[in-house]
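Peer 1: The primary structure of each chain is shown beneath.
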Amino acid sequence: MSGSTCRSLKRLAICVGVAVMMLAQPTFAYLKFGVQVGTQTVIVKWAQMPVRYFISDGTVPGVGVSDLQAAVARAFATWQAVPTASISYQFAGTTTARPLDDDGQSTIGFRSRPDLERVLASTHFLLDSSTGAIVEADIFINSTFQWSVAANGEANKFDLESVALHEIGHLSGLGHSALGETVLRPDGGRTVTASDAIMFPIALAAGSVAARTLRADDIAGISDVYPDGGFTAQTGSISGRVTKNGAGLFGAHVVAFNLATGALVAAFSLTNQGEFSIGGLTPGPHVIRVEPLDDADINGFFDATTPVDLDFRVRFYDRLVVAPRGHDSGMIEVKVASK
Amino acid sequence: MRRNNLAKRIAVVVLAFCAALAPARRAWAQPRPAPDPAPGFEISGGIEWMGGASFGTVNANEVVASGGAFPLFKVTNELGGTLGVNARIGKRVWRTFELEGSGSYSRPELRSTTTGDVESAPDLTATDRLRQITVEGAVLFTTPRWRIGRAAPFLSAGGGYLRQLHEGDTFAQDGRIYAVGGGARLPFLSRTRRPRSLGLRVDARAVVRTRGAAPDGASHLSPAVSLSGYVGF
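Quick note, the sequences are listed as chains A and B, same order.
With the working numbering, you'll find the first sequence wraps up at 339, consecutive numbering, no jumps.
With the working numbering, you'll find the second sequence wraps up at 233, consecutive numbering, no jumps.
One or more of the hints may lead you astray.
Which chain B residues stay away from chain A? Per the calculated CB distances, all over 12 Å, these [to be verified]: (1) 58; (2) 141; (3) 229.
Example chain B residues on the side facing chain A (calculated, C-beta under 7 Å, incomplete) [stated by the list, open to error]: (4) 52; (5) 56; (6) 60; (7) 64; (8) 67; (9) 75; (10) 112; (11) 124; (12) 165; (13) 166; (14) 170.
Calculated from the structure, these hints are not laboratory results.
Cβ coordinates follow ideal geometry from the N, Cα and C atoms, glycine included.
Model the full assembly from the supplied sequences, consistent with the hints where possible.
Peer 2: Next up, the structure:
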C-alpha cells in the first residue's frame, strides 16, 4: 500500500518464461492491459512521467550491479527512443530493496526462484484500481538461470538486455503479443520457431541477442498506450469483426501485414461480437490474416475463465484493407470456419 | 471606243477585286500532298487500355532466435491491366512539333496473392479497386514524310503526375508517370474551314509508373494503347 489515500491497489503479475507464464490477472491483453474500474475497462498505464526506477544491488555470477544497471538502461533507452511514443524513464539509483517489495518504488533486480523453473523474469504491478494507473512496477529476474551482458551474447546464457526489454514493455503497460510460431514439446513446453514482437512471451533463446530490437508490433503497442502528438494523426487503424457461423468469435488473433513496409501488427478480437481493432498502423493497404491463439499458452494472454475459441481454420481476408492516415478503415467482417 | 475601254477596265478591276476576295489557294508546281493532318490546335478523347505491372513477391517475415527471417506467408503484389478514358489538348508549336496536355481516369485493381502460409491457410488473392488519375504533358514529333496513305504517324514522349486512390478514397498515393511511344492520326475529314480536321487517333506507349500504389515504391513498365477521336482547329 502506498500513501494515505483510500485508493485500492491491485497486484498484477506478468512474466516471461521459457515455456509457461505466470497467470495474468486482468481480463484481457491485446498490446495493452486493461483493468475493470466500475463497469468500464480502463487501460493500465503510468500517469506521470518520467517513470522512475531503481536497480537492486543483488548480483549473479558474471553480472555486477553496474552491469545490470547498464543493460537495463539500454533496454529502457530502446523503448524511450520510439519516436511516436511519449513515455520516458529515469534511473533513480541503486537500492538494497528487492523486487516484489510493496514499497511504492519500482525496483529491478535478481531474485532466486528455483521453483519457477520456466520463468526467466516477471513484472509485478501495483495498480490504483480506481484509475488503472500504475503505482509501482517491479521486475524480478530469476537468478536461477545463467545471465549474460556480453555485447554479442554468450552460449547457454540468457541475454539480460533482451529479457529486460521484454519486461520493460510490461512495466510500461504492454501485454503479450501473439506474433510468433511455436512447436509444442512432449513435456508441455513450447519451442519457439520464430516471432515478430519483443512482447511475444516465449521468444527468448539462450545465447541469442536478436531480441534487443523492437519490432513494428511493439512500437505500435507502446505508441498506442502513450501516443505522442503526431501518432494518432500519422497512423491509421483497421477494425472489424471475426465471425464463425454468423456469431462473433472471441480471442481470434488478427494480423495486419503492411504491403509497403512488411510490418506485422496484430490484435485480438476482444468482445463477444468478435470485434477487434488494430491501431498504430503505417497508412496503406494491408493483408489481413486471422488465426486461433494456438502458438502460446492462452493463460499468458487471457484470464483462464475467458472463452477463447480455438476451433477455426487460419484464413486471409479476401479484400485488401486500407489503414487511412489518422482514421479507421471502417468495420470489416472476416468469416472463419471450424476446423 | 472609250466607253468600251472603260467597261473593260472596270471589268478587269472587278475581277481582280473578286480574285483578291476569293480564298487564297496555293499553286502547286508538283503533285499535291495529303491535307495537313496536324492542325494548329487539337482536342481528342477516347479510351485507353493500360497494362498491368508486377510488384514482385515479399515475405511476411518473423525472426528466428539467430536473427534470421522466417516467412509466415508470402505475398505477390500486382496491378491489373485496365480500360479507362482519356482526354487531350494539343497545339502545334513548330512545323513538326506539338505540345500536348492530357488526363486519364481508370480503375485498376491492386491484387495481393498470399501463398505458402506456415499454418496452411488457403492461398487467396485479396483485391482493392483503385481510382487512377494521370495528368501528363508530352511532345509529339511528326513529319509529312512519314505518311502512309492517309495515316499520319507521330512519335511522342512525356511525363506527368500520377494519383492512385484506394477503395473508398480513404488513402491516396501519388507518383510520377513517364511515357514514350507513338501513334498515328487517321483523318476522316480535312479541309481549310474550321474544324479543319476530324479523325481517329491511335497511340501505343511504353508507360513507366513510379511510386503511387506500388508497394515497393519502385518504377514499373507497362504497355498502353489508346483509341481516340480528335477534332483539329
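Peer 1: Confirm or reject each hint.
Peer 2: Going down the list of hints, with the structure as the test:
The beta carbon of residue 58 (chain B) sits about 6 Å from the closest Cβ of chain A, which is not more than 12 Å, so the claim that it is off the interface is violated. Listed as outside the interface, residue 141 (chain B) is consistent with that label: its C-beta sits roughly 38 Å from the nearest C-beta of chain A, beyond the 12 Å cut-off. Chain A leaves residue 229 (chain B) outside its interface by the beta-carbon criterion, the shortest separation being 36 Å against a cut-off of 12 Å. Because the beta carbon of residue 52 (chain B) sits about 16 Å from the nearest beta carbon in chain A, more than 7 Å, this interface hint is broken.
The criterion of a C-beta within 7 Å of any C-beta in chain A is not met by residue 56 (chain B), whose closest approach is roughly 11 Å, and the hint is violated. Here the hint on residue 60 (chain B) is kept, as its CB sits about 5 Å from the closest CB of chain A, short of 7 Å. For the restraint placing residue 64 (chain B) at the interface with chain A, the shortest Cβ-Cβ distance is roughly 5 Å, inside the 7 Å limit, so the hint holds. Hint status for residue 67 (chain B): holds, given a least beta-carbon distance of 4 Å to chain A, under 7 Å.
Against a cut-off of 7 Å between C-beta atoms, the interface hint on residue 75 (chain B) holds, since the closest Cβ of chain A lies about 6 Å away. For the restraint placing residue 112 (chain B) at the interface with chain A, the shortest Cβ-Cβ distance is roughly 6 Å, inside the 7 Å limit, so the hint holds. Interface restraint check for residue 124 (chain B): the shortest CB-CB distance to chain A comes to about 4 Å, inside 7 Å, so the restraint holds. Checking residue 165 (chain B) against chain A by beta carbon gives a least distance of about 10 Å; that is not within 7 Å, so the hint is violated.
Among the interface hints, the one on residue 166 (chain B) holds; its C-beta lies about 4 Å from the nearest C-beta in chain A, closer than the 7 Å criterion. The criterion of a C-beta within 7 Å of any C-beta in chain A is met by residue 170 (chain B), whose closest approach is roughly 4 Å, and the hint holds.
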